[in-house]
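Trainee: Residue numbers (the working numbering), protein chains in the order written: chain A, 389 to 530; chain B, 136 to 465.
To be clear, the hints were calculated from the coordinates, so they are not data collected in a lab.
You may find that some hints are simply not true.
List time: in silico SDA-like cross-link candidates among lysine to any residue, alpha-carbon distance up to 20 angstroms [said to hold, decoys possible]:
hint : chain 1 : residue 1 : chain 2 : residue 2
1    : A       : Lys419    : B       : Arg222
2    : A       : Lys419    : B       : Met168
3    : A       : Lys419    : B       : Ala227
4    : A       : Lys419    : B       : Ile229
5    : A       : Lys419    : B       : Arg215
6    : A       : Lys419    : B       : Ile404
7    : A       : Lys419    : B       : Ala247
8    : A       : Lys419    : B       : Ile331
9    : A       : Lys419    : B       : Ile342
For clarity, every value in this text was computed on a predicted model and none was experimentally measured.
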Amino acid sequence: MIAGLYVYWALFAVMLIGLYVVISHGNLVKKLLGLTVFQVGVFLFFISVGKVAGGSAPIIAEGAGPYSHPLPQVLILTAIVVGVATLAVGLALAVRIFESYGTVEEDELERVADEQPEPNGAFGAQCVPNAPFGSERGGGRS
Amino acid sequence: MMTFVLTNVTLLVILIATAIAISRMRALYEATMLGALFSLVTASLFVLLDAVDVAFTEAAVGVGISTVLLLGVLALTRSREAVTPRRRHLPALIAVLLAGGALGYASQDLPAFGAADSPVFSHPITGTYLHQSQEDIGIPNTVTAVLASYRGLDTLGELVVVFTAGLAVLSLVGPPARPEETMPRADFHLADYRIIRIISGILMPFILLFALYVLFHGEYGPGGGFQAGVIFAAGFVLYGLVFGLDKAQRVVPRVALRILVSLGPLVFIGLGLATMLLGGQFLDFDVLDPNHPEEGQHLGILLVETAIGFTVAAVMTTVFFSFASRGVSR
């Protein structure tokens, strides 16, 4: 049984390392790195389910075969590109949070938010003028 | 078979070791570089698992684009992580143990790795994709056939997600600055290094040519719109990194990017509507050439892949330009 499942267990380990980083670390950029690790574990697991022993890439040719399954590959192919697009959104949020609060650490963020009487107001004041496509650029860190 | 297992195990061990190193490292620049290594090992594993198309994408996205984006954000924020307090470890450990226990328990029901009689392969759709597709569509690369034709609607959804994410980044960090607004940073220029300047100058046309090859060869070999798009974008990102944002924006103007970002979904949806007007179902390419359904499929797949390629390349390049100009325009 171990011989048959070792790949899956290794990939579960990769996922869990990513999950651990996402939960335990307070730094938002580090959290996103952890999310990437988690994501890669899921991608590899998906692909490995469609692998057949002694198979070849699902590009049909004379005398080739058996072929691995193309469907997981299609799903993961698009998921990788969607993954980097959502990573970019997460990073953009981290940049805006840093510009408004001067930190990307969760604990410090809570402290800064407690000190400011109206965190929403403070955030809005800096956020609204140059969002979404204002000419005034760069925001400014407080 | 023995070689396969050995290579596989070695790569998996490197993968896990890199993941642990990433999780323990507090210097985020170093962690990001390890992330690039992590992606490279992942891409090798994809090749080993017969997923050549996916390996392409992972290599271009993971090693190239996401690394550059992370580095760009670290330049804008702080590059050193605070020490993780002890109280944060316990809940994470409990969650990981619970999730790991559930996964390990469930894994007993998984078919053995590489088994040819697993549910994945005994499902009737496998025959459709691997054999019927040769008669329906007639292109050797079944990944492209499934991506662009059989599951075209799904792919349209993914493309819209990429498009939306691009819009979200634009509205969060603002559009790329105009070339005249960006101040070249006097203290540091990668283009001052002769080797980097000349090599990247020589590589540039080959990267773009390769991307075009990947785009238009996707029906016969590994390749397609998503892969070509990220390779295009990686080329422009390299150019922007070495020669500066103002020069890169002269190569790909903002207006062109703005048009290309929205062109992909428009062409894709337009093609679907066209097939409906011709009497078929949404994205049923058979009707594009009623007498030769195969030719219609070829045309449809080519158009779809081109639309995907342009939008993915434009979104990735725009995102890079936006982050980069956030850094130089203040």
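Trainee: All hints, please: hold or fail.
Mentor: Outcome of the hint check:
no. : hint                  : result
1   : A:Lys419 <-> B:Arg222 : holds (17 angstroms)
2   : A:Lys419 <-> B:Met168 : holds (16 angstroms)
3   : A:Lys419 <-> B:Ala227 : holds (12 angstroms)
4   : A:Lys419 <-> B:Ile229 : holds (18 angstroms)
5   : A:Lys419 <-> B:Arg215 : holds (13 angstroms)
6   : A:Lys419 <-> B:Ile404 : violated (36 angstroms)
7   : A:Lys419 <-> B:Ala247 : violated (33 angstroms)
8   : A:Lys419 <-> B:Ile331 : violated (32 angstroms)
9   : A:Lys419 <-> B:Ile342 : violated (32 angstroms)
This entry does not satisfy hints 6, 7, 8 and 9, going by the numbered hints stated previously.
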